[in-house]
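K.L.:
With these hints in hand, go ahead and build the complete structure from the sequences.
What follows is each chain in one-letter form.
2 protein chains.
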Amino acid sequence: MVRDLSQRMDICSVNTATLGFQAPIGETIDAIAEAGFGMISPWRRDTKDLDVSAVARHIRDAGLKLSGYCRSPYIPAVTTEKYRANIEENKRAIDDAATLGAPVFIMVVGSLPEGSKDIEAARRQVREACSELVSYGRNVGVKIGLEPLHPVYAADRSCLTLLSEALDWCDSIEGAAATPQIGVIIDCYHVWWDPTLHRAIKRAGEARRIFGFHVCDWLVPTTDVLNDRGMMGDGIIDIRLIRSQLEASGYQGAVEVEIFSAANWWKRPVKEILHICRERFQTAT
Amino acid sequence: MVRDLSQRMDICSVNTATLGFQAPIGETIDAIAEAGFGMISPWRRDTKDLDVSAVARHIRDAGLKLSGYCRSPYIPAVTTEKYRANIEENKRAIDDAATLGAPVFIMVVGSLPEGSKDIEAARRQVREACSELVSYGRNVGVKIGLEPLHPVYAADRSCLTLLSEALDWCDSIEGAAATPQIGVIIDCYHVWWDPTLHRAIKRAGEARRIFGFHVCDWLVPTTDVLNDRGMMGDGIIDIRLIRSQLEASGYQGAVEVEIFSAANWWKRPVKEILHICRERFQTAT
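Residue numbers (the working numbering), protein chains in the order written: chain A, 1 to 285; chain B, 1001 to 1285.
Hints were generated in silico from the structure; no laboratory data involved. Keep in mind that this is a model prediction, so the values were computed, not measured.
Below, a sample of chain A positions facing chain B; criterion: calculated Cβ distance under 10 Å:
1. Cys159
2. Asp168
3. Leu219
4. Val225
5. Gly235
6. Ile237
7. Asp238
List time: in silico DSS-like cross-link candidates among lysine-lysine, alpha-carbon distance up to 30 Å:
8. B:Lys1202 - A:Lys202
9. B:Lys1065 - B:Lys1091
10. A:Lys202 - B:Lys1117
11. A:Lys48 - A:Lys82
12. A:Lys117 - B:Lys1267
Every residue, glycine too, gets a C-beta built ideally from N, C-alpha and C.
P.N.:
Written as C-alpha cells, this is what we have:
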C-alpha cells in the first residue's frame, strides 16, 4: 500500500527546474502554491543575486515548505586550489540552504576534471569533501543528500552512480547514526535500471538515509539524455513500484517532480505544466 | 605489465561495425587482413543473404581468425509465441556462428518489449532463454558471450547492464565449470564507469568467463549515445587500466575494436579507419 498522493498534496513537491526557469522565483513560488502543491525545491540559479532571506519569507508566506535545495557545485578538480575553492563554494550554497530553511542540500558531485581519466581520484576527492561538508552542514542545520546520477553522466556530471555506492560513502563518512546527517536522494530516472535497486532501497531505509525521492520518466526513445526527460506516465519507469519499495522501507518524506525537458515541457505555460504534474502525481507516480 | 599489442597483431581484432558497413563483407575481410590485423568479428548483417560457408572460407583464406560473431536478436517478448520465435532466431544465428568458426556468439539480450515496464520479467526471460541457448551452443561448438550494456540502453536494448549481474547469470545458468560455456564480453564503453568493475573483472577472470574484450572511447560531450562512440584515445576511458586489470585476471584473448560513429568515423575511407585503429591499439589501448 502506497500513500494516496491525492490526499497528500502536503508532501508533493515541485522542483523549479521542472518549469524551465521561465519565471522569476517569486512568480514560480506563487504558481506552485496556487496549483495546490505543499512543497517546493528551488535551485541556486533561482536565488542568484537575490536576497535569499526574502525568498525564504516568500516561500513561507505562500504556505510552502522546502523539500530540498539544488544543488552543489561540482567538487573534483585537478589543482588543490580549485578543489578547495569548490568546497568553499559548496559551503556558501549550504549557507543559502540554511537561510531558506531547506532540510537537505542536494549534492550532484561532479566527475572527471578536464584532462583527467582517473574516476577513482574524483571519487576520493568527493568523499573527502563530503566529510567536511557534513560537519559544516550540521553546524547550520542542513543535511547532505548525495544524489547518484545515471551512469550516462559518469564522465562529466557525477562519478557517483550507484545507490549502493552512495550508501557505502555515507557509511564511510559518518558511520552508523541514529539521526544521519548524510543520506541519499533517490531519483527514479537515475536508478530505475539498477538490478540491485530494491536491495539498496531496503538498506537505505533501514539506515534512515533516504532524504528525498525525485520522480520523472524515461522516454523511449530519449532524444537528449540531459534534457529529454519525461512526465510521469509517459515513459517506461515503473514509478509506483519504486515508490512502494521506498515507502515499505519506511520513507515518509516528500515526492518531488523534477523534469528536464527543453523541447517539450519547458515550452509550455507554467500553469499547464503544474496542472499535468498534479494529475500525474495521482495517476502515474 | 600489459601485452605489447604492437607485437601481437594476431590478437587485435576489428569488429566490422567499426567500418560502418561501407563495403560488402568480402572487401571488408580483405581490407582488415591487409591492414595487418589477425582477427575479425563480423555481424549478422554482413552475411545476410550470403552463403555463410563461403564467407567462412574467405576469412580463413585471408589468414584471419574470428574473435566473435555479432549479435543475438533480442529475447524478451510479451507473448510466448514471440518469445519462442526469438529463441529460435537465436539458434539460427548460433548455427551461422558455428559455420563461420566463431568461438563465441555475442549476446545483446534486449529489454522491455513494447508496452512493458517490467524489467525483472525481461531479465527472467533472458536467463531462461540463455539456459537453452547454452545447451544449443555446446552442441554446435559455440560459446555464449553475454555483453552487459551501458545502463543508458536499459530500456530498449539490454536489461543486462552490470558486469557483476552478467556473472551472477552465468553462475545461475551453468554453475561452476572447468571450461565454461557461458561467459561475458567486457566492452569498456559499457562498463568503464562502474565502481565495482575491478572486483567484477577479477571474479570473471577467476571463473574463466571473460570471452571477449571490446574497446572504443567515451567522448565528452557525447552527441548521440548510440552512434557517437570515440576512437581509443579520443575520450575519457582509461582503456589501458581496464586492459591491465583483465590481463592481470588471466585474460589472454583478443582485443577487439568496435566503434559506432555515424557522424565521424563511418564517413571516412575504410583504409584510413583501419590505419588509425592500428595506431591507437598501440598508443591508447
